[in-house]
Structure formats: C-alpha cells, structure tokens
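Participant: Residue numbers (the numbering used here), protein chains in the order written: chain A, 1 to 430; chain B, 1 to 298.
Note that these hints are calculated values from the structure, not bench results.
Only a predicted model underlies this, so the values are computations on that prediction, with no experimental measurement involved.
There may be inaccurate statements among the hints.
To give an idea of the chain B side of the interface with chain A (calculated C-beta under 8 Å), a few residues [stated by the list, open to error]: (1) N50; (2) L51; (3) M52; (4) Q57; (5) L117; (6) A149; (7) A153; (8) L157; (9) T158; (10) P160; (11) Q162; (12) G246; (13) F263; (14) N266.
Here are the simulated SDA-like cross-link-like pairs (lysine to any residue), alpha carbons at most 25 Å apart as the crow flies [as the list claims (entries may be wrong)]: (15) B:K48 - B:P25; (16) B:K48 - A:K257; (17) A:K321 - B:F263; (18) B:K72 - A:K220; (19) A:K258 - B:M134; (20) A:K333 - A:V45; (21) B:K56 - A:Y105; (22) A:K258 - B:E260; (23) A:K257 - B:L146; (24) A:K153 - A:I298; (25) A:K220 - A:K257; (26) A:K189 - B:L74; (27) A:K76 - A:P43; (28) A:K421 - A:F250; (29) B:K72 - A:I298; (30) A:K181 - A:G206; (31) B:K56 - A:K189; (32) A:K329 - A:S85; (33) A:K226 - B:F265; (34) A:K421 - B:V264; (35) A:K189 - A:A163; (36) B:K56 - A:V45; (37) B:K66 - B:L278; (38) A:K76 - B:L240.
Each residue gets a CB set at the ideal place from its N, CA and C atoms; glycine is no exception.
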Amino acid sequence: MKKTTLILLLVLCLSLTVLSAAGQAESQGTKPSELKLLVPQSPGVVDGVQAVADAYKRLHPEVTITIRSVPFNRYKEQLQIMWASNDVDDIITTGSPDISNYAYYGALLPIDDLIPVSERSQFINGAIEAVSYKGSIYAYPFREAASALFYNKTYFDLAGIEAAPLDKPWTWSQWEQNVTKVMQAAKQKTGKTVWGITFLANPGRGDFWLTPIIRSNGEKGSATYKAISDDGMTLTGYADTPQALEAYRFYQSLYTKKLAPTAEVPDAFGTGQSATFLGFLSSAHDLKKNFPDLEWGIMPLPYFKTPLTHTGGFTYAISAKTKNAAAAKDFVKFAGSDEGIKAYFDVSGSDLLSRTDFAKRYPQYFEDPYQKIFSYILQTYGEARPTTPAYVLYNSIMGFNLFLDLASGSDVNQTVQTKIKEFETQARSM
Amino acid sequence: MERYVYKRGGKQHDLLAAILINLLPTLLLTLVFQLVPILIAGWYSFLKVNLMAGTKQFIGLDNYIKAATDPKFLQSMATTVEYFLLRVPLQVLLGFLLSLLIYQPRRWTGVLRTIILLPVVTSMVVVTSILALMMHPSNGLINSMLIMAGLPAQGFLTDPRQALFSIVLITVWKNVGMTMLFFLAGLMAISPTLYEAAEIDGATALQKHWHVTIPMLKNTFIFVLITTTIRSFQVFGPILMTTNGGPLNSTRVVVMEIYENAFVFNQLGYASTQSVLLALLLIVISLLQSKLSGRKSR
Numbered sequence: 001m002k003k004t005t006l007i008l009l010l011v012l013c014l015s016l017t018v019l020s021a022a023g024q025a026e027s028q029g030t031k032p033s034e035l036k037l038l039v040p041q042s043p044g045v046v047d048g049v050q051a052v053a054d055a056y057k058r059l060h061p062e063v064t065i066t067i068r069s070v071p072f073n074r075y076k077e078q079l080q081i082m083w084a085s086n087d088v089d090d091i092i093t094t095g096s097p098d099i100s101n102y103a104y105y106g107a108l109l110p111i112d113d114l115i116p117v118s119e120r121s122q123f124i125n126g127a128i129e130a131v132s133y134k135g136s137i138y139a140y141p142f143r144e145a146a147s148a149l150f151y152n153k154t155y156f157d158l159a160g161i162e163a164a165p166l167d168k169p170w171t172w173s174q175w176e177q178n179v180t181k182v183m184q185a186a187k188q189k190t191g192k193t194v195w196g197i198t199f200l201a202n203p204g205r206g207d208f209w210l211t212p213i214i215r216s217n218g219e220k221g222s223a224t225y226k227a228i229s230d231d232g233m234t235l236t237g238y239a240d241t242p243q244a245l246e247a248y249r250f251y252q253s254l255y256t257k258k259l260a261p262t263a264e265v266p267d268a269f270g271t272g273q274s275a276t277f278l279g280f281l282s283s284a285h286d287l288k289k290n291f292p293d294l295e296w297g298i299m300p301l302p303y304f305k306t307p308l309t310h311t312g313g314f315t316y317a318i319s320a321k322t323k324n325a326a327a328a329k330d331f332v333k334f335a336g337s338d339e340g341i342k343a344y345f346d347v348s349g350s351d352l353l354s355r356t357d358f359a360k361r362y363p364q365y366f367e368d369p370y371q372k373i374f375s376y377i378l379q380t381y382g383e384a385r386p387t388t389p390a391y392v393l394y395n396s397i398m399g400f401n402l403f404l405d406l407a408s409g410s411d412v413n414q415t416v417q418t419k420i421k422e423f424e425t426q427a428r429s430m
Numbered sequence: 001m002e003r004y005v006y007k008r009g010g011k012q013h014d015l016l017a018a019i020l021i022n023l024l025p026t027l028l029l030t031l032v033f034q035l036v037p038i039l040i041a042g043w044y045s046f047l048k049v050n051l052m053a054g055t056k057q058f059i060g061l062d063n064y065i066k067a068a069t070d071p072k073f074l075q076s077m078a079t080t081v082e083y084f085l086l087r088v089p090l091q092v093l094l095g096f097l098l099s100l101l102i103y104q105p106r107r108w109t110g111v112l113r114t115i116i117l118l119p120v121v122t123s124m125v126v127v128t129s130i131l132a133l134m135m136h137p138s139n140g141l142i143n144s145m146l147i148m149a150g151l152p153a154q155g156f157l158t159d160p161r162q163a164l165f166s167i168v169l170i171t172v173w174k175n176v177g178m179t180m181l182f183f184l185a186g187l188m189a190i191s192p193t194l195y196e197a198a199e200i201d202g203a204t205a206l207q208k209h210w211h212v213t214i215p216m217l218k219n220t221f222i223f224v225l226i227t228t229t230i231r232s233f234q235v236f237g238p239i240l241m242t243t244n245g246g247p248l249n250s251t252r253v254v255v256m257e258i259y260e261n262a263f264v265f266n267q268l269g270y271a272s273t274q275s276v277l278l279a280l281l282l283i284v285i286s287l288l289q290s291k292l293s294g295r296k297s298r
C-alpha cells in the first residue's frame, strides 16, 4: 500500500512539474511550433538556409525547423503540387520574378509588415517592386544577380583592344567592331577560330540574360525599355516596337554572322573558344576554380541606348496555407536581418544582396574582387525584370522560345508577333 | 510442372486465394498509379484546374473545343505523327533484319549481339547526351568525318529540317536492340520443319523468309508495331534533353505540349484533355494495326 501511494505521489509531482513548465512557456509566448522550409538545390542555397535555420533555432529552441530540398529545375513543379495539397511547407525560397505569379494565384501570404516603408529604400532599385503584387509585398528579397560580359584578355591583347571600363560600357555596335577584330587576331596569331560571344547555355536563352539587349534599345521609361504593360499582361506595343524589333534583328545577326554558336559548346569561354561570354558572379568563381590559367576580365553588358542588367534572385516567401503564419514571419524577418545574412554568408560564401545597407555595416563580406565588380554593376545598371503575374509564361515564351527561334533563323517580325499572341492568349486564360 | 487450369464449380479455394494474394500487390499498384490517375485525367479534362489556386471549375467541352482549334496542339500532333512515321518502320525493319543476322550462331554472333544490346541497357540520358555530342554542328564527330570525306557539315539537331530525324536516329539506336530481341524470340519459336519443307519445294532464301518467316512472325510484328507506336507517341526525354521542342518547333511533340501546359502554363485541365485525346488516338491506331495485320494474315 505504501509503495502504491509513493508511486502515485511521484506521478503527481511529475505531472505538476510538466504542467507548470508548459504554463511558463505559454506565458512567455514561446509556444512550441514546427516550421517547414522548401529550398531549391542551387549551389550554396541549401547549406546557407540550413545555417540560417540553425542560427534561428539557437535563439528559439522551441521551434523545430525541417528543410526539404528539391532539384532546381523541378522546383516550380514541386511548388504547384505542394500548394495543391493541404500539407504545405510554411516557407519557400524562390526567385523574385515568380513572386507576382504565385501571389496572383493566392499561394502566398502578404508580408508588408516585415518590410516597413521606412526600410524599403535600403533595397536595390526595383527589388521591392519585383516582389509586390497589387500594392502588397509577398516575399522578402534576399539574394540578387546581375549579368556582365567576361572577355578573354589574351585575345584582346593580341588585337590591341582595351575592354570597356565599368562606368562606360560599350554599345553593341562597338562590341561587334571590337570583337570582330579580336576574332581575326586570334585566328591570325594562334590559328584558333573563336566565337565572338557565348552564353551559359548555347544558343542563348532566358529573360534574365537576353531581354536587357532588347530593352536597352529604348530610353528609360519608353515602351521598349518597359518591355511589358504596367499590368504585366500585354506585350503588343512594348515587345514589338520598331526599336525592339531592331534589337531582335541584331540578336539574330549574332548567329547569322557566326559570332555565336547555334549549339552547345561546353565550357566555351573557359577553354579559350570564345572571345566574350555573358555570365554572372558564380561564373567568375567557376572560371577561377576550373580554369586558373585563363586570363580574363569583366566589363558591363553592352547596350544600344540605355545600359541595363536584369536583377532578381532568391527571396523568402510564406505559403498562404501555412498553419504557423506568426512563426514563419518571425523566421523570415530573422533570415533577412543582419544575423540571418551573416549566418547564410558564413556557410555558403558571400554573394550579391538585395539590401544595400548591409554592405556598409559589414564590408568584410564584400572583399572578393569579383563581388565588388558585380555589386557596382548591380547598383549602377540594375533593373528589375519585366514584372508580370504571368512571368512563368513570359520567361518561357519570350525568354526561351522566342530567342531560340531567332537563333534558328526564323523571320524576326513574324516570330515576335506569334510569340506575343501566344503569351497574351495564355495570360488571358490564366 | 503442370499448368493450372481453372475448372468451374471446382473446390480449389486455397489455390484461388493464393493466386489472388500473389496478384494483389500488382493489381493494387496498377489501380493506384495507373487506373485512378487515368480516370482523374478523364475527369479533369472537363475542368479548368488551377493547382496553385486550388480551384476546379467545370467547363464542359471547352477544353476539347480549344484543343480542336489550337494550332500549337494540332501542329504538335502532326509532328508526333511525322515522328511515328519515321521511327516505327525504321525500327521494326532494322530490328527484324538484325534478328535474322544473328539468328544463326556464327563466330561473331555473340560480339554483335552484345554491341546491338549495349544501348538497350544504357540509360536514355547517357545515350542522348553522347549522340547529341556526336551530332554537334561544329565540334561533333559525325561532322568531322563528313568534312574529312569532303562532304558539307550538317546541322543535325540545330537544323529545323534535320532535327526530327536526328531524334529518330537517337531513339532507334537506343531501342532497336529490344525490337531485335522480340523478333529473335519469335524466330526461335518457328519450327525448322517448315524451312525444310520449303527447301524441298525449292524455295530460295528470300522466298523462305517471305512465305515462312514473315507469316509465322505475324503476332510478333503486331506486338512490336503496337508497342513501338505507343512509345513513339510518348517520346519526350530525348527531345527535352536536346532540342526542347526546337528549332522552330520542328521537334515539338504532343507530350512536350502536354508537359508545358501542365507544369509551365499551370493549365492542368487542358493538359488532361490533350492527354485523353492522345490516349484515344493511340487506342484507335493500335486497333487499326491489329485489325489490318489480322486481315492480311487471313
């Protein structure tokens, strides 16, 4: 009997301890919660986000964070399928141009309160607009990207051509004249036939890389420069202006004049098969690592009338169906804070940032010479990609299919008109 | 081991139960991963489905009307039919000839069989990558050989006039070994006495094949034709990897169109309609092939 009483007392004491601990946690506002993150498998991203999660957990031990990663090129499909179910990941890491598309379908939670109006000027030009839809912010801009033209120093020296300085980019006609000389010099002095320009994938494709060529043929604020209507649903009058068509014709001439290859040439620039190459910051790191003997430099993207480079990169966004909205917002706020960025950079290596004020406070994260060049290009020439709730369609039709068809020699006017019609029809049936 | 024959009214409940238990996993998997998705696709073909928004709206036959008037879909169907017409006769003929070549055991038969079957056991991704590199317009092996022979370099996958046939060559090279195996199995089942009888009648080698081999392989031909046809209409991987439907939509096949509508354009209902139409077309072609082959043999 005594033994039974003792056991009962023990159980009672334990229960009271547990209950009081739970009550304490409740009163302190540290309700245990679980957060799920979906991250694309892009170099450094998964490790970086994991480091942010670890740093957050150290401050909030009551929060459990699970990170799920999927291959980069299957990420969008995964998002669609995930949002169709009721068991969604609370936070997603995704590209800024897709945000308005997801917001249009109601898949994301507005997070205006995380970026007060007073703080919005701390972000690079266009970063906030890129993640906004109908006046609300739907993602926290985090990483950025910018493109630039890499050039082969050895070939340029052979031709006696000096690359454009960072503050004075070439026009495309200057580029063509100079690169033609470089190609001829390389042929005469090394016996090698080299391409004038190559892209990450050949023939070139993607709105991020190629639409700046077209937009640059318009003055800032013009229809050509805008590339799409303000509501993001109309291309007629924007992508088919005489200036845009002229730029598309120039792009096609890269292939007809055999300045660019019509099929993939693996590592064309790294292996000395190309005089210039359109790349971004990671291309610089890849070249340094994989082709240490190659002599190369970076110059801004050439232009027709207005120099520009497209921006955009990874953002943090919250699924509208999340059951932990408060905890998810708290995590996103932390991820965008100085502590979150430092945790990310310490693991994944520093990169271009949407928030410009961070660099002033932590210059030690911006000592890489290539990063400095790209940061300058980003801040000087950066322009958000055409903002449209149909960006997925836009990039597929106008960024990929159109440029690929032009590289194959299709009629410029007819192809542009066909693609515009296709985009507008699809956008209407969204 | 004796073959089991079910007798009506028999009391072999244990045996029946054993058969059912053995079949159950396969039936269950087929039901969950094949039949149910097919039924759902059929239902979705009458809806406007938006996965991201989580909305489904019944729109009757709108998707079917849209498909019937959609030039992109119709063009992709035409491209698929062209691909089918190029691939099926080539693969069936080559598979049949190769099976005749290695049917009689000779010194080099084993080596040849291994060479022919090597692409079958190699991943489609690897095969496509290698052949695409070989077909590269400026750095490819095939063009280097053509230039050495004094012939002009070809565009292959980058030339709108050659791209589809280049894809056909890739898929035939990958799959002809399997077709050959089917014919080989059929050849082995033909009784040698039939050839002996033909020989006594004074038939030449060609006549023996025409009057004995081909009629005796009728079922194999039907099987190979139907399976190759279905696979031809489902071609996707090599195109996605190499041309992505280009250049100038010359390799834009119907599965590519379905994939893009479902996962790029977020039009799952319309993509389901296109899938249903493709399935119906395949059923019709398979039935026709089956009927025509049957009629010929009579």
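Participant: Hint by hint, which ones does this structure get wrong, listed from lowest number up?
Facilitator: 4, 5, 6, 7, 11, 15, 16, 18, 22, 25, 26, 29, 30, 31 and 36
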